[in-house]
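Colleague: Full structure from sequences and hints, please.
Spelled out, the chains give:
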Amino acid sequence: WGISRLPALWLKLKRLSLVGRLRRGTEGKWPRLPDSCEEELLIRPLHSGDIYASFQFRTLWDTDFLHQGKKVSHYRLFPKSLGQVLSKFSVRELHISFTQGYWRTMQWGQPIVPSPPGAELWVWFHNTVADVDGNWKELTNVLSGIFCASLNFIDSTNTVQPSASFKPLGLGNATDHRFLRYATLPREIVCTENLTPWKKLLPCGSKAGLAVLMKSEKLFHSSFHSQAVHIRPVCKDWQCSSTAWELRQTLNVVFDLYTSGQGKKEWSLFKMFSRTLTEACPLASSSKVYVDVTDNPELFDLSPATSVLNTAVVLGDRRTYSVYDLTQKETFGQLRSLNLVLRWKGESDMLRPLLHAERYVAGFGLQTGEIHTLIYNNHPYRAFPVLLLDSVPWYLRLYIHTLTVTSKTRENKPSYIHYQPSKDRLRPHLLEMLVQLPPHSVTEVTVQFERALLKWTEYTPDPNHGFYVGSSVISALVPSVVAMDTNNTQERPLFSSFFPTKEESSYFVRVYTEPLLVNLPTPDFSMPYNVICLTCTVVAVGYGSFYNLLTRTFQVEEPSQPLAKRLANVIRRIRGVPLL
Amino acid sequence: MGLLSDPNRRKALTSLLTRLNTPICVVCYLAGIAWFMGLAFEPFTLRTYMSENAMGSTMVEERFPAGERALATAREFAAHKRKVGGMPVEWLVKTMQARGLEVFTQSFTRTLPFPDENKERYMVRGTNIYGILRAPRAPRTEALVLSAPCSPDNSNNQAVGLLLGLAQYFRSKMFYVEFDCTSLSGFFSHHSGMDYTPLQGRAGSIQAALSLELSSDVITSLDLVLEGLNGQLPNLDLANLFHAFCQKIGVLCTIQGKLQRGDWDTAEGYTHAVQTMMLMVLKQASGRPWGDHGLFLRYHIEAASVRGINSFRQYKTDATTIGRLLEGMFRKLNNLLERLHQSYFFYLMPSLTHFVSIGYYMPAFGLLATILLLRALDLWVQLGTPAQVTEDGAVLFIFSYYKSFLSPSVLVPSFKPSMVISHLTGVALYTLPVLSQETAVEHFPVSETEAVVLTAIAIYTAGLALPHNTHRFISGEGTEQGWRVLKLVALLYLAVLLGCTALINFSLGFILAITLVPAAACVTPHMPKALTALAMVLLSPGCTLLYCVFIFQELQEAPVTLPEGWMLFLSVISQGILDHSLYGSLVYPLLALLIYPCWLLLWNILFWK
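Quick note, the sequences are listed as chains A and B, same order.
Position one of the first sequence corresponds to residue 6 (my numbering), numbered consecutively onward.
Position one of the second sequence corresponds to residue 1373 (my numbering), numbered consecutively onward.
Treat the hints as calculated values from the structure; they're not laboratory data.
Hints should not be assumed to be uniformly reliable.
[To be verified] Computed beta-carbon distance windows for the label pairs:
(1) Phe275(A) - Met1495(B): 56 to 62 Å
(2) Leu1749(B) - Lys460(A): 39 to 45 Å
(3) Phe551(A) - Met1495(B): 56 to 62 Å
(4) Glu303(A) - Gln1686(B): 55 to 61 Å
(5) Ser531(A) - Asn1490(B): 42 to 48 Å
(6) Lys1981(B) - Ser531(A): 52 to 58 Å
[As the list claims (entries may be wrong)] Some chain B residues close to chain A (C-beta under 7 Å, calculated; not the full set):
(7) Pro1508
(8) Pro1511
(9) Arg1574
(10) Ser1577
(11) Tyr1671
(12) Glu1710
(13) Arg1711
Predicted, not measured: the structure shown is a model, and the values here were computed from it.
Virtual Cβ for every residue (Gly too), placed ideally from N, Cα, C.
Modeller: Right under this line is the structure:
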């Protein structure tokens, strides 16, 4: 207990040597600490020959940020900056991701933690919050500072409140989507300046443990880079008598075979990260490296070999992992460093993920267009429903009456549609649909739109680049591969496999489509001056005179009459006879 | 305008314009032609310069090493093509996959309205094979295309080889999005009823495209082809980029197959520039895509074709150098932050280093179009004169004009039937050739293609007999006034038509104006019939096309004899109709539905009774 009260500076100095020893040595005497952290690295060789590395860091803390009147001020492992944010804005759940690149589902299969290109932020606020929009606005600005990102560009024009697609992942049965805010910034570019603040949130920083591998020059020399922070309330124990807060930081990288590996099919930790592992983070209660060896030994060799294997059903597929426990000294061997080496042996063909999606804009010209979303269900015999969420900026005016959903050339009527029309310069379109995907089919969702002409101050500095439309989100419970394989009775007793068990029969997947880049009608910005001059001249000279010419009545002017005649006319007028 | 609201001055001005109408028209015509010819004179034109910042100042290195390997791939490709007896689709897919691309195919078929004798095909069919090289850490929003057309014959193998070599090389570098396709035209086939299989893989919105045509191992020069469908041109920066890299790497580059000459001040130098520009004008006016890139342009994708030419010149360039050139261009395009938009979209090029912008060439057309307006003004005044009652005739001529023009007795009988009938002839010319080909083949010993072309010519000629028939519908009243109204309408109609055409496709508008404007300006019923009729026929759109065929051959330094020229003329007509049905080229419908009827109106005036 005493350690948690020590000042942060002291902690920083002593963390590496003393604290670890103290904790390990005194586990029996002291009561269980209220917070703990775990770190994990998963390495999965992908079928395309690329390699996927997924870091996960989990910090658990049983405290209550939202408790009224009690201010949490003593932080140990949980980052203070985030804790203060949670309590100040009454955040119930927070998910933020920064991604550079697009996850290639067709080549790589499903990611462990899906995320769309750019930045994504979704937050559930506590249901006591009165001014959700105000809190959201402030929260985005604060997070923008914490993560060094342009999250302050999130405003009402790109924020939506999905009704069904984003349910809380943590405890609590919140269903009122008034307390949910979701926004993406597809244009956000992720770089080292975002990685550094992210690394600072880790208990060991980047000084020890798995985090030493995170060298930005290697992490960003990759095909895909995604970092995320997820905060949610979880059960403290199995009885769930009270809640704890979970902070999960994930980092996913895919290294390219051709550019990094020079075509040689060999991977090692050193090659990937230009570092090897020498120790675990002393603050972590568990520190492990998993290598997906399900396809071993047909596909690759792994060295050093380990006898510890772990089998788990991940994303509907039963996978086997070699486990390297970094807290054990023998893991590091003679050299006192762990450098995993994978040597590819065979070729493998392309995967067919059960669910994947793509999106594009069809049509040409700058007036109208059509957004096509293709959703593939590659399951041979099972139909399953998916939730499609589309958030389209207001400057693409959707013609919602043209919305069509077709699968196998037949109309496929969505069983649930939630549509919120946009308001110019205020809020985007929100379209949510529950669509049943027939087995082994492609479902095409099309909707036409008109491109708005913006005010000239609303264009970005590079208007001819185009405007981004965020990814569609497809959330689904996908029937798992394990359930498909009912003949696999080698590992399980027969009596256990007649009815597919619930946990294994389907799994939750979120698939993001690619963002769109749409060109809007763009004026030639050097032209306004010319146009102003020209129109002014035309209006002043041309229109004025023509108008004059057309409306003026022309009369032949009478020459002035002689005096005698005028006099005579006066007399005639008096007499009432016609004038001369 | 103040001039016009003063009745006396207005009167003076109109009388001046009426009195001097013919001389002014002649001067305008000559000035228009002279202006146009002056466009090729170097001191009058602008030097090309790179407008796009992202491509101008950035440095790129070209290190493509594998030219020999690319040629070996090309030979392998040729061998497979011979073995399969067509496109070796499977081999290509495998080879591209081995180079680390995501490969997809798309097949398409399209039945033409009648067989294409030039390319000997009735059904356009083929397979697009495209590989996508995904850029690392890019969200699939933008793409660049490098394509090579493949045909079953033995051409363009080297281009495919080089494409594959480049793909492999780009794959090993940390490059941006690259989208590499080997295609026949039909890639963008969601128009006009083409049957195609859906695309499987997508890359993002295409920023720019290059099409490579290369049929020999070594080349002497590279030719840049810009003219696309309906006379659309890519942004001038693309041409500048090509030129800049040719200069940097030291490859001879040409446009319209003509090398640049340094001596602009000599007669030969000037003639050379005129020839180059005239070739561009004729190609643009034809409205057909002159390379595979032409189809990209209609989707607002900047694209150009690069064609390797192997002539008898001593100095040769090898495949590695071409590869380096393409690499350099792609790396520069890769640097683009926005689509190419900084430079000109409307231009003519008398050489690769000089260009004529729209502001310079439009006056040439404007001078010709002025003639039509002047003649119309003249007629307007003439029409107004008999209705004047007071001495200040000019004051009232607007009103009297309205009176004469709006009174149904003048309006209906004079020009409406001619208008309707000539347009119906136009519709017949547009639809009948294709519709009646079967009937024609049954009754005459000709092939389908010949039948279509000859029917078109027959309908065109039959239209000449119209004036005699039109009069049956007209109660012969107010003849003198009638033809004037008809001519006024025809003049204004022609002015609007040519004006709109010139805005979209300057070359087409200008070429049509050169012949149609004198015809329209001069024709009256009071001229010697036979002589004028001959002149009118010689100035008709059909004959303009014939002259263009001869001039084009002459400029290409491949002069043809009269019979050959005639055969070429026939094939040009059939190609025009095919281009319209296959790609949606607008020249044929424009000529058949609008220009030809307009000319028929003028023809009607000549035979006015």
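Colleague: Mind listing which of the numbered hints don't hold for this structure, in increasing order?
Modeller: none
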